[in-house]
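These protein sequence lines map, in sequence, to chains F and P.
Residue numbers 2 to 694, in the working numbering, belong to the letters of the first sequence in order.
Residue numbers 4 to 608, in the working numbering, belong to the letters of the second sequence in order.
To be clear, the hints were calculated from the coordinates, so they are not data collected in a lab.
Beta carbons: idealized from backbone N, C-alpha and C, even for Gly.
Take these hints with a grain of salt, some might be off.
Unchecked claim - These stretches of chain F come out as covered by chain P in the derived footprint (C-beta under 8 Å, 3 or more residues): (1) 460 to 469; (2) 671 to 680.
Claimed, not checked - Pulled a few chain P residues facing chain F out of the computed Cβ check, cut under 7 Å: (3) 23; (4) 24; (5) 27; (6) 42; (7) 403; (8) 404; (9) 405; (10) 419; (11) 428; (12) 429; (13) 430; (14) 433.
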Amino acid sequence: VSEARFRIGVDVGGTFTDLVLLRDDGSVLLEKTPTTPQDQSQGVMDGLARLAEAEGFASVGELLAATRSVVHGTTTGDNTMIQMSGAPTGLLVTEGFRDEIELRRCFKEDIWDPSYPAPEPIARRRVRLEIPERMTAEGDVDTALDEEAVRKATARLRAFGITSIAIVFLHSYVNPAHELRAREIVLDEYPDVELVSLSHEVYPKPPEFERTSTTLVNAYVGPPIVRYLDRLEQRLREAGLERELLIATSAGGVAAPAAIGRRAVATIGSGPTGGVVAAARAASAAGLGDVVSVDMGGTSYDVCLIRGGRPELKSDWNWRHRYCIAVPMVDIQAIGAGGGSLARVGSGTLHVGPESAGSEPGPVCYGRGGTQATVTDADVVLGRLDPAGFWGGRLTLDADGARGALGRLGSELGLDAEAAAAAVVTIIDAHMTDAVRRVLSLAGADPRRLDLVAFGGMGAVHATTQAAALGMRRVLVPRAAPGFSALGLLTADHVVDNARTLLSDWRQVDPDRLSELADDLERVAREELASAGVPDDRMQFEWLLNLVYPGQTFDNALPLTRAPGAPITLDDVAGAVEEFHRRNEEARLIEARSQEPMVRGIRLSATGLVDRPAPVELGTTSDPAVPIARRRMYASGAWHDAVPVFDGDALRPGPPIEGPAVIQSRFTTLVLRPGDVASVLANGDTLVEVAGV
Amino acid sequence: MAISESGQLEAELIDPVTAEVIRSAMETICFEMATYVSRTATTPILNQSNERNATILDGRGRLAALSVGIPQFMLSATLPVRFCLEYLEGDLSPGDVLVSNDPYHGGGHLPDFNVFSPVFAPDGSGGPILVASIQCHHGDTGGALAGGYNVFAKDIWSEGTRYPLLKIVEAGRERRDVVLTMRTNNRLPGFIGDLRSQVGAAQLGSRRLGEIIEQYGAETVKAAVDWTIDDAHRRFSEEIATWPDGTYESDVYVDSDPAGNADIHVHVAVTVDGDRLIVDFDGSDTRPDIQAWSTFGNTRGYTISQLASLVDPSIPKNEGFFDCVDLRVPEGTCVNPVEGKPVSSGTHHPGVEVGDAIAIAMSQILPDRCAPQTYKYGAPRQMWGDLDPRTGKSFFDHGGEVNAGWVSAVRDVDGWGALCASNGNLIKASAEINEALFPHILRGRNYLTDSGGAGQWRGGCGSLFVKEVRSPTYVNQYIVNRVHTHPGIAGGENGSPDSCVLAEGTDHAVEVAPTVAGAKLETGERLVYRFGGGGGWGDPLDRDPEAVLDDVWDEYVSIEGARFHYGVVVTGDPGTMTLALDADATRDLRAELRAERTDRAEGGE
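For reference, chain F alone in the conformation it holds in the complex (with noise of 0.2 Å):
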């Protein structure tokens, strides 16, 4: 038996799958291969294909069978959800609340069109059929299930096609009774159904739409994402991987296939956690504090807020694909910013974004055919990227075409091709500054006391400009930049995230109830994990408690401290309490403790412990970086003559670099202002001191 000495981490992107080999000493082996859209899985064997024969094995079956654990991140969901191709879906609803789902609690997206369209439905109102059944928000059965509908609506919705079912039963949190009698029955009466999703297992809290719309979103992609985890877990095992197989998900974590097949919906919007899991790592590893991660590449620009080096969660009031998925997100959020988006001009205005030019054709200096000029053509104008050096010299850059396209979008503003670029860069920079304003305003956050964090192709070209104008200190670029998500997915720590509801004004709450809750919660996670391979004593548990003020909807998650194994006691309730208040009077709301809050539930957050990679040492040098080449550049609204550029790839722990200067990398170009100041950590990665903050 060969000793189990790798992990493997595929991260499957809209144009690239990335791989990476973690080996035992820490270092890494980077690849990349198309991604295959039709099925995901045969891009990600192609890609271990070309690890095994880097590493120098002779099949993929060797590579495998030395393999501890391959982690991977899907985007099967959300190309479901885009394309709306999921599998056709039926929903049993108690009598009377039919329409949630077209309802949405009134929200529209856009409150200024009315010309701003319906969303595809999931399940059209024909097959959304009502059952006779109710319970009270207590628990109680106000109107018992009417087996016979429940058995009628089944052959009704077969007989439309019908392969998925959701149920969800008002109240079915508190007494799922009806939700399990109707799987039976649905089963009984139709065993070829895919699946049946019950809404107190996908989401296992009010209200009734969050949890309709998540249920149904889980009814509609989990068909196609278990077949696809069938099919390349078949093609693994066939190949040789004896151990385990895990799955991202969107709380940032990862997550047994099993588990996945029954919360399908928890791998949407996982894409982009795996960055934001490395951003968090590198930060520690560079002893920041709190910090805010930017992803910036081709497309979007992806902010992520790091506290308590853990990515925020959100749950609840999630939107995406034009649904609500409640379950807990890493709350990223996006912005149609990128090296691609395009500028233009209208109504004597110009705008950059958040349309793109996307890899195809891409920037005009891609020499692919696009046309129309983008932000790296403006940065390529200004002197920022190498035409010679992008990509590691992979693809030569039209400098020409570039200055051509600025000097076309200059004529309309009056201004040249130079003045133009700089306009383009100052309106995309202003976007992305915005963006993380807006997030870090919904997390109530000052940027003055966060550090930067940046990654993606062009996230270290526009972070110092960023970071200067949100009074951020430091930036922190991460060495591994191409494979960085990829990556992540490695150091991702099992997540089982569940809540169950408990619904009481804070001091009627009835304490037995609650520890049995927090019973079956811990019970539910510690199986959860274990299946997944996590020992005991690498599980950990972090003990929420909901708490609301009277009238508030959205919960509000206080750490609830608890003796370890005894039962929980009003007291531990009384702190949980306590706190809610102590935060809120920091908000200057002094009249927060004249309201007595309420109890909605307990929320569980066990985490299973990934053994972390040892961190490389760079040797240390004490001489000077020294320059491979000069040239003029923009920054800091002037221009710069002679600017030195650095090799990135080379650069060892030394004296640092001062700005104006440029260090280049194989993928990715750190663009340093004046007076801002880099230095290279031990690992390899580089720590940025902002001028002017």
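Start from chain F and add chain P according to the hints.
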């Protein structure tokens, strides 16, 4: 230095790129202010339903930027600030935060509290350069009845306490005397906390605007505001210039005011004159004894909001819109009351009918984009009782639950969702959580078949809302849209009417017409509210018969409704999965219906 309205001099002071960056930053600041309230207020309508409206104004009280909220109310937030800038000229200092809610000093109605803070140059010299303002709806205003909606009030003083202008924070120090006075005049324990949340938001906005003035300089920021206002003005007036000149009129009615005075009348004449609009409400109701009054500021907000829905949604919403419109609202009409009239319910009715009237008038020339962006709520329903048997306590249910109604179709888009787009930021309360808070069971709120106005594009359906009480409960309810229903456009039919019945199905059922106050429901009795549908767009006989068949499958439309309203013959039975379109019969029926129409028109002449 004089800065022209036309943008001639600004060109020298500011480049469009800097102007765009500052405009975008101001919108972000509005977002930050609104978000601050969401995070810190404790009242659900503020922290969750999005009824908080952040705006930035310039030193002359002109609207410079706004953010998430309710369009009609965002656009009505300027006049209280303008009053303050004029009234307290020379008496404002850095660090001041002011509060006002008076409908006769720029406001809409008493529950809407404006909190705002002027921003000065870094050295404190000169007058205010910008003002950060946040408007929120509060759950009580003092006065004769709890809840801020005394629809029975005969005058404004019975509705609550008026605050035309108070400095709640003076040069950075909270004024304890003012806080005490306001606390004393309000029933809700959370009132001051919510007000402080607004104060914090205004201070945040003021600080951030100060940073921008410091970074770019006061003159550049002023020029940027002028530029963005001129930009909106220019783009709005360019659209107006493409509209045919002429005067377009309409008449719209509210069934009755809460006191039962029937047919509250809003008349509008919109004149397109080149690139300008004259919007004149002369001819609207002048009966002095009615109780349906929309203040000037409220009328102005609904006017501009409806006009904004007619044009490119990407035009920045700011004073440039107001600059294109000559608004004429004679004092003493129901849309500009003389001081002292009660206004709490008039904010909604005839407030929303202002929007309806403009939509209908403009549909004569702009049918493709016209849809009333309004609702027919009457006033918020209140239900309360002395005992929730589960807690042993009394309860007060402000309602605000999800319902569907009055979503009009526009060309190419059937009415969809629950409310019109401009109310789409109101996140409404859920059944599950309200049932835990109050002793009732919601029996349903499904769409009502055949309730959406027929049209080439169909109005959104209304809904059947059934609330069953679990202990004795009292009800206040005012209802409109029973007679004058939500209008169709361009040949589309009106939506179905609203109705509300208490204790439906018992021998003492009561239909609300138009009000009940303190009506009692016994345990197990139901309030049954049928919300009306939206108006249709275009001739229903032009609707694609396949779309009608789909509507029948989905029970938005019945087989009979398809035949009667759309001239579409659907055969078979949904129960046996045999619905089908009879194309020949449909063609014949439609020809017949068209001929009948012609006969009717000729017969009528």
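Status of the hints after comparison with the structure:
1. 460 to 469: Our answer is that it is violated, as 0 residues pass the Cβ test (under 8 Å) against chain P, missing three.
2. 671 to 680: violated (count 0)
3. 23: 6 Å, holds
4. 24: For residue 24 of chain P, the interface hint holds, since the closest Cβ of chain F sits about 4 Å away, which is under 7 Å.
5. 27: 5 Å, holds
6. 42: Since the shortest Cβ distance to chain F is 5 Å, the answer is holds.
7. 403: Given a least distance of 10 Å, the restraint on residue 403 of chain P is violated.
8. 404: Cβ of residue 404 of chain P sits 9 Å from chain F, so the hint is violated.
9. 405: It holds, given that the least Cβ distance between residue 405 of chain P and chain F is near 5 Å, below 7 Å.
10. 419: Holds: closest Cβ of chain F sits about 4 Å from residue 419 of chain P, inside 7 Å.
11. 428: 5 Å, holds
12. 429: Where the cut-off is 7 Å and the nearest Cβ of chain F is about 5 Å from residue 429 of chain P, the hint holds.
13. 430: 5 Å, holds
14. 433: 3 Å, holds
Hints 1, 2, 7 and 8, counting from the list given before, are not met by this structure.
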